[in-house]
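Number of protein chains: 2
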Amino acid sequence: MAISSFHPPVRTLMGPGPSDVHPRILSALGRPTLGHLDPLFVGMMDETKELLKYAFQTRNELTLPISAPGSAGMEACFVNLVEPGDKVLVCVNGVFGNRMIENVTRCGATAVRVDFPWGSAVEPAAVEAALKEHGDVKVLAFVHAETSTGALSDAQALCGLAKKYKALSIVDAVTSMGGVPLLVDEWQADAVYSGSQKCLSCTPGLSPVTFSDAAVAAIKARQHPVQSWFLDMNLILGYWGEGGKRAYHHTAPVNALYGLHESLVMLQEEGLENAWQRHASMHNALAAGLDVLGIQFVVEEGQRLPQLNSVYIPDGVDDATTRQFLLAKYDLEIGAGLGDLAGKVWRIGLMGYSARMENITLLLKALAAAMTEQGYQCSGEQAVTAAEAALK
Amino acid sequence: MAISSFHPPVRTLMGPGPSDVHPRILSALGRPTLGHLDPLFVGMMDETKELLKYAFQTRNELTLPISAPGSAGMEACFVNLVEPGDKVLVCVNGVFGNRMIENVTRCGATAVRVDFPWGSAVEPAAVEAALKEHGDVKVLAFVHAETSTGALSDAQALCGLAKKYKALSIVDAVTSMGGVPLLVDEWQADAVYSGSQKCLSCTPGLSPVTFSDAAVAAIKARQHPVQSWFLDMNLILGYWGEGGKRAYHHTAPVNALYGLHESLVMLQEEGLENAWQRHASMHNALAAGLDVLGIQFVVEEGQRLPQLNSVYIPDGVDDATTRQFLLAKYDLEIGAGLGDLAGKVWRIGLMGYSARMENITLLLKALAAAMTEQGYQCSGEQAVTAAEAALK
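Residue numbers (this note's numbering), protein chains in the order written: chain A, 1 to 392; chain B, 1 to 392.
Keep in mind the hints are simulated off the structure, nothing from the lab.
Please note that the accuracy of each hint is not assured.
Which copy is meant is left open, so a pair is good if it fits within one copy or across any two.
[To be verified] List of simulated lysine to any residue pairs, SDA-like, C-alpha gap at most 20 Å:
hint : residue 1 : residue 2
1    : 329       : 40
2    : 164       : 344
3    : 365       : 376
4    : 163       : 5
5    : 138       : 361
6    : 87        : 225
7    : 53        : 361
8    : 365       : 234
9    : 329       : 38
10   : 53        : 3
11   : 53        : 85
12   : 344       : 246
13   : 220       : 85
For clarity, every value in this text was computed on a predicted model and none was experimentally measured.
Could you put the whole structure together from the sequences, leaning on the hints where they help?
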């Protein structure tokens, strides 16, 4: 069979994630592997926790990266906070709300779903009505930034509702962290998970999580053991605990954590507010350019995620043909639609290191070329000019 | 707070894992990140499956790496094969047998434990007696290579017993794959998991698994949904399925998989039999050197793992002092004992790229120096001479 080493081309990643990985982070991945109990590595773990507290804007002691992708971070939140028989209110406005329901039912709990149109934000008034109707909701779960549609929900209002009705909140911040404000302590969010491969511009595979004191108290007061050994926060805490002795749990993904550490150092260097501002500015530039191309957004203004732009595919333009053209001719990746939006929309990511003017320029030119090939009238040059003007 | 980039020193890793990572693998980790649905990446996933089939010596279609460390691979096997109310016979001769019991009970199943002294292999006669006593065992679970003690059990005999008593087998091959013969199809093992950071010499964070047709049939015949969404093989299969369309499940850890692919290419280049032979030869050399130093093995000859050598700490020599000396003066890591063996033994790994004569030479000299510092009489030079002689 004789399979050879794999040498990938250099792509520009403007889909829903992974985003472009900064060269400093790629370089960190290949540094010499340390033992996972080496005092120097343990020191790096402590630094990573501090940096994550900054990224989450929290003082929560239980703040660390789960050694697996974001969907494992989601599961970590659910299996630790939810017990058999519990009632969980889940807001569904895209793919990831549905996945939350899967998690709830697999915990032996009851999911009460509140649906919203895909492409819209979660509406707090509807959530409050549902919380009132069901007096005994233990957990309110929602997606802050829906990666499947590009809608941003009001996490502050929703976490406030959870507190008002004495429920815990679980917040999916996979795509929001580093791209838009995420203020865990100020909003009093209880369990929040994110992903390494979105606005942190790190490689995929790690899921930062944070748990409030109330969440930790709920975990400690559980009547049933956590159904997952790998994701049991009681055990993970012993491994990631502050300084000193580490209780062996699993073997940490050492080199992947080098990458996450470097990405968080870069976020600290740029400053969170500056990173949010950069994502907002680049979104404005992209939107101005897409407007010139006659491309419309799925999500209405005011609810749009700057870092994940869902747009309708124009009439007469084919989804797969276009994406294949971009990949083949420009080494450029954009995302397809998911679920009901498959074939109808593209998802254009401006996350982390991908949120740069040179990426936007490439995208607008390449997209115009792809559509022109299919007989659609547009000018990439004019789109770029509009994008540049919007930046000023 | 201002935390800087992390620059680890170059250590020699001769503990229980991670082992030394080959420079080719470190280099692969930093290659440009592709989208996880990019056709080129999907092609690499298919190659990785083929290479894993070779490493497992299986034709099982359901052979792939779980996107998380070995303990998640263990959990994947248990949550997919075990249902509430099932009876699982678990052989316990070290830390990882105990962890299997944790997995069984968290699945709502009953664990029947058969204990063996730590440092000994699992005794098939005792297992057969237990299988006879409990007529309705659904799964027999055991550890092929106990990383906590260095004992190698007869996986062929144990898988044969499972078949004889109409049970499925779950085999922990975390430390065995690539270091000693592991013949999944010939032995008719049903669910086997391994780790990337042992004899494959890759970085930690991935867990290769393989499931037989009988195991797949059991998964498909389940009465209850798999309690983990992230580890549900029905869903993972859709993502890693053969060629063509991939159903989105989670975002694969792209760069970590570059590393695993490269490590498997290297295993293919060396040849499995040659890799096994190299581990055996290096073990013989190490054993000859340790003998000169007056250091005794925990496990009796014939049951010893070549790649993981548990040895008693000599009288008058302190565990922590010695390991700190090795790390500080030689940048050399060896492993501590776990559980009842803590403070009494060292675990010396000769896994993958660590199984080289230059590592053995360094270890023998460094260990002799550390013990001499503590007043123990020995000669590192003589130990090295004996090790070299044993190689011829």
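Structure-based check of each hint:
When the C-alpha separation of residue 329 and residue 40 is checked against a cutoff of 20 Å, the pair qualifies only between copies, where the shortest distance is 15 Å, while the shortest distance within a copy is 45 Å. For the identical chains of this complex, residue 164 and residue 344 are neighbours neither inside a copy (39 Å) nor across copies (55 Å), given an alpha-carbon limit of 20 Å. Only within a single protomer do residue 365 and residue 376 lie at most 20 Å apart by alpha-carbon distance; the minimum there is 14 Å, versus 73 Å between protomers. In this homomeric assembly, residue 163 and residue 5 never come within 20 Å of each other (Cα to Cα): the closest approach is 53 Å inside a single copy and 38 Å across copies.
In this assembly of identical chains, the alpha carbons of residue 138 and residue 361 never lie at most 20 Å apart, being 47 Å within a copy and 60 Å across copies at closest. Taking the shortest Cα distances, residue 87 and residue 225 sit within 20 Å of each other both inside one copy (18 Å) and across copies (19 Å). Taking CA atoms no more than 20 Å apart as the test, residue 53 paired with residue 361 passes in neither setting, with 34 Å inside one copy and 44 Å between copies. For a Cα distance limit of 20 Å, the shortest separation of residue 365 from residue 234 qualifies neither inside one copy, at 51 Å, nor across copies, at 41 Å.
In this assembly of identical chains, the alpha carbons of residue 329 and residue 38 lie at most 20 Å apart only when taken from different copies (14 Å versus 46 Å within one copy). In this assembly of identical chains, residue 53 and residue 3 lie within 20 Å of each other by CA distance solely across copies; the values are 13 Å between and 43 Å within a copy. When the C-alpha separation of residue 53 and residue 85 is checked against a cutoff of 20 Å, the pair qualifies neither within a copy, at 32 Å, nor between copies, at 42 Å. Taking CA atoms no more than 20 Å apart as the test, residue 344 paired with residue 246 passes between copies only; the shortest distance there is 19 Å, against 50 Å inside one copy.
For a Cα distance limit of 20 Å, the shortest separation of residue 220 from residue 85 inside one copy, 17 Å, qualifies, whereas the shortest one across copies, 26 Å, does not.
In terms of the numbered hints stated before, the structure departs from hints 2, 4, 5, 7, 8 and 11, listed from lowest to highest.
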